[in-house]
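2 protein chains.
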Amino acid sequence: MIEDKNQTRTSLKELGEFGLIKHLTQNFKIQHKSTVKGVGDDAAVLDMKGMKTLITTDLLIEGVHFDLSYMPLKHLGYKAVMVNLSDVYAMNGNARQITVSIAVSNRFPLEALEELYEGIHLACKTYTIDLIGGDTTSSTTGLLISITAIGEIKKEDVVYRNTAKPNDLLVVTGDLGASYLGLQVLEREKQVFEVNPDSQPDLTAYSYLIERQLKPEARKDIVKLLKDLEVKPTAMIDISDGLSSEILHICTQSKVGCNLYEEKIPLDPQVISTCEEFDLNSTTVALSGGEDYELLFTISQEDFPKIKANPHLTVIGHIVDESLGVNLVTRANQQIKLTAQGWNALENK
Amino acid sequence: MIEDKNQTRTSLKELGEFGLIKHLTQNFKIQHKSTVKGVGDDAAVLDMKGMKTLITTDLLIEGVHFDLSYMPLKHLGYKAVMVNLSDVYAMNGNARQITVSIAVSNRFPLEALEELYEGIHLACKTYTIDLIGGDTTSSTTGLLISITAIGEIKKEDVVYRNTAKPNDLLVVTGDLGASYLGLQVLEREKQVFEVNPDSQPDLTAYSYLIERQLKPEARKDIVKLLKDLEVKPTAMIDISDGLSSEILHICTQSKVGCNLYEEKIPLDPQVISTCEEFDLNSTTVALSGGEDYELLFTISQEDFPKIKANPHLTVIGHIVDESLGVNLVTRANQQIKLTAQGWNALENK
Numbered sequence: 028m029i030e031d032k033n034q035t036r037t038s039l040k041e042l043g044e045f046g047l048i049k050h051l052t053q054n055f056k057i058q059h060k061s062t063v064k065g066v067g068d069d070a071a072v073l074d075m076k077g078m079k080t081l082i083t084t085d086l087l088i089e090g091v092h093f094d095l096s097y098m099p100l101k102h103l104g105y106k107a108v109m110v111n112l113s114d115v116y117a118m119n120g121n122a123r124q125i126t127v128s129i130a131v132s133n134r135f136p137l138e139a140l141e142e143l144y145e146g147i148h149l150a151c152k153t154y155t156i157d158l159i160g161g162d163t164t165s166s167t168t169g170l171l172i173s174i175t176a177i178g179e180i181k182k183e184d185v186v187y188r189n190t191a192k193p194n195d196l197l198v199v200t201g202d203l204g205a206s207y208l209g210l211q212v213l214e215r216e217k218q219v220f221e222v223n224p225d226s227q228p229d230l231t232a233y234s235y236l237i238e239r240q241l242k243p244e245a246r247k248d249i250v251k252l253l254k255d256l257e258v259k260p261t262a263m264i265d266i267s268d269g270l271s272s273e274i275l276h277i278c279t280q281s282k283v284g285c286n287l288y289e290e291k292i293p294l295d296p297q298v299i300s301t302c303e304e305f306d307l308n309s310t311t312v313a314l315s316g317g318e319d320y321e322l323l324f325t326i327s328q329e330d331f332p333k334i335k336a337n338p339h340l341t342v343i344g345h346i347v348d349e350s351l352g353v354n355l356v357t358r359a360n361q362q363i364k365l366t367a368q369g370w371n372a373l374e375n376k
Numbered sequence: 028m029i030e031d032k033n034q035t036r037t038s039l040k041e042l043g044e045f046g047l048i049k050h051l052t053q054n055f056k057i058q059h060k061s062t063v064k065g066v067g068d069d070a071a072v073l074d075m076k077g078m079k080t081l082i083t084t085d086l087l088i089e090g091v092h093f094d095l096s097y098m099p100l101k102h103l104g105y106k107a108v109m110v111n112l113s114d115v116y117a118m119n120g121n122a123r124q125i126t127v128s129i130a131v132s133n134r135f136p137l138e139a140l141e142e143l144y145e146g147i148h149l150a151c152k153t154y155t156i157d158l159i160g161g162d163t164t165s166s167t168t169g170l171l172i173s174i175t176a177i178g179e180i181k182k183e184d185v186v187y188r189n190t191a192k193p194n195d196l197l198v199v200t201g202d203l204g205a206s207y208l209g210l211q212v213l214e215r216e217k218q219v220f221e222v223n224p225d226s227q228p229d230l231t232a233y234s235y236l237i238e239r240q241l242k243p244e245a246r247k248d249i250v251k252l253l254k255d256l257e258v259k260p261t262a263m264i265d266i267s268d269g270l271s272s273e274i275l276h277i278c279t280q281s282k283v284g285c286n287l288y289e290e291k292i293p294l295d296p297q298v299i300s301t302c303e304e305f306d307l308n309s310t311t312v313a314l315s316g317g318e319d320y321e322l323l324f325t326i327s328q329e330d331f332p333k334i335k336a337n338p339h340l341t342v343i344g345h346i347v348d349e350s351l352g353v354n355l356v357t358r359a360n361q362q363i364k365l366t367a368q369g370w371n372a373l374e375n376k
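Taken in sequence, the protein lines are chains A and B. So for the first sequence, my numbering puts the first residue at 28; every next one is plus one. So for the second sequence, my numbering puts the first residue at 28; every next one is plus one.
One should not assume that every hint holds.
Copies of the same chain look alike in the list, so a pair counts if it works inside one copy or between any two.
Claimed, not checked - Pairs of lysine-lysine, DSS-like flavour, derived with a Cα cap of 27 Å:
1) K254 - K76
2) K56 - K282
3) K251 - K364
4) K217 - K101
5) K76 - K251
6) K181 - K152
7) K101 - K40
8) K217 - K335
9) K364 - K40
10) K56 - K242
11) K76 - K181
12) K182 - K259
13) K251 - K181
If you're looking for bench data, these hints aren't it; they were derived computationally from the structure.
Kindly generate the complete structure, drawing on both the sequences and the hints.
As structure tokens, then:
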């Protein structure tokens, strides 16, 4: 679908490992004072000046986490950064630096890596992130990307997963399920394309879903918004594996229960219409779809007035005593025990 | 060679991703005050308390960086940590934390990962390192390990690559070339084994070489030694790609030249005898072999008396003006321009 057969192909061997890193990273500018030394030595040197340091890492593997037949490399680079920044924001922190390690087989020409790094560069520019290091090597098969993100945060601002309290409100940002449906649409179009390579699909009805899958945004804005609203969540996590899985993480680690209200789960109109078309239950998609990269957090009830008018935030439930369990309260007012059926990277193979 | 056909095999699917991480990391104890929060949240939280933070990352890929037919998984885990710590020590810093991301195909049972983590655990214990996070996922083919190491250092202690000065002495720790020869021996035995699986090789004549290849040690001791000797190198790098390649890095980045004396290059007796057996030139092996994980540094001439009696340190050359180039001075007193023919990960496929 996205392959351009006439593209220029420069072999990676022509550059060598060090030439390659230099070539790919030459346009990246250091933007933070905390980055004392970036790419180019044995290690990067950072100066957090009394702030706490946040460290998180994620691995993306071709054939497991992405399919290059519909994922443009530029988008992949952008998304790989988002996945990592999202974890820094989920601690209520400010993302500052990343390292990027890639392994590629020789079927990738230099131009492909340039595209990938264009996406990484765009993400770094948009989110004000310094690229400070990494590793580039060959792989025996596909492409893999390992990113470590570094953030900074004041001690008193850190929000963990394990500190939700009974009576807290459960809040989610944005809307859920779109990324998963975007993937379903792309998978379907891939199959159509395999049968008929000349098909010109009209994907406008799914534009939001596809954008959420191919170019998700990490919620840097929410960290700022919460600060502006003077709300410090009691617990927070990002939604990468699906809403149920993340609620269960917060509840298990905080030793609390939760009531989640089905009717409150925020869904985009495209999610609702596409669920109908695909004959999927939109609640299931929101609960188990994953890759939303929204933030899920709990707040004290007294903070409710500060957030209630905000279009980015939806109260979807409340925390209860551990003995009451973690439940979905359906539209028919039935309580169903919530189970994690989210996307599990280990079950994909 | 190392496979035990009767081993217990527990499928990774039985544990799931989160169960797996918990299972593999349960024996790791946090040892540093700077680790505020390790494994278990969206990101780890570190407190460097005014110290500078060092960050470095390396990717090891099956079939490119290691061959499991002679690399026991426990050793692989240990070595993967060493490769990263070595970069922190090469900045003159103290390694404190690591994140470990792994991707595995389903051909690896849980017991294999336990072995891998045993080696990681041993490395963490021996070098006083906290495991603070990571990612575990499936791969479509083999095993890959991506480690990020974090260190701390006082501002005034940082040693970069690009600060060597003419007349500085070039110093190397330990001895060179053994790891490369260890690999040659193991490759030969693998071929023998493929022809005759009942062969019982006697490898005692190569014990040092094999240990250097399978279980290298990062030179944490040298960082302490230099501090005790009150020597701050003017530039430093670790030897992962081979002596020539690393000398060229220092010289290019420092805009200086260098004379390296062939007769001064430290070689273990097993390196000399095995080079004879394999009909290899020991200087070439030391220059281009790689994976030694020794430290290469430059010091002011005035510091020479402090290091000259030390058995861990060998002066192998001196820095000259850039216009004089980077040269090997042979035993026959000929000058040969040094080129990097070290191990290049991108040329391996």
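Tell me, please, which holds for K76 and K181 at an alpha-carbon limit of 27 Å: within, between, both or neither?
Result: close both inside a copy and across copies, 10 Å intra and 12 Å inter.
Identical-chain pair category, K56 with K282, by Cα at 27 Å = between (44 Å within a copy, 23 Å between copies)
Item checked: Homomeric proximity label, K182 with K259: Cα distance no greater than 27 Å -> For K182 and K259, only the intra-copy Cα distance (13 Å) is at most 27 Å; the inter-copy one is 34 Å.
Exercise. How would you label the pair K251, K181 (within, between, both, or neither) given a Cα cut-off of 27 Å?
Worked result: within (14 Å within a copy, 32 Å between copies)
| Homo-oligomer pair classification [K364, K251; C-alpha up to 27 Å] | Answer is neither; intra-copy 34 Å and inter-copy 56 Å both fail.
Reference check for the pair K364 and K40, CA-CA at most 27 Å: within, between, both, or neither?
Answer is between: at 23 Å across copies they meet the 27 Å cutoff, but 55 Å inside does not.
- Can you give me the call for K56 and K242, within, between, both or neither, at a CA distance of at most 27 Å? Classified as within; 23 Å inside a copy, 38 Å across copies.
- Task: Pop the pair K76 and K251 into one bin, within, between, both or neither, using alpha-carbon distances up to 27 Å.
- Result: both (21 Å within a copy, 25 Å between copies)
Margin query: Please sort K217 with K101 into within, between, both or neither, judging by C-alpha distance up to 27 Å.
Written below: within (19 Å within a copy, 42 Å between copies)
With 27 Å as the alpha-carbon cut-off, assign the pair K181 and K152 to within, between, both or neither.
So K181 and K152 pass the 27 Å test inside one copy only (24 Å; across, 30 Å).
task = State whether the alpha carbon distance between K101 and K40 is at most 27 Å within one copy, between copies, both, or neither.
result = Within one copy only: 22 Å inside, 32 Å across.
> Taking 27 Å as the upper bound on the Cα-Cα distance, should K254 and K76 be classified as within, between, both, or neither?
Replying inline: Cα proximity of K254 and K76: in one copy and across copies (21 Å, 24 Å).
Hint check: violations occur at hints 3, 8; the rest are consistent with the structure.
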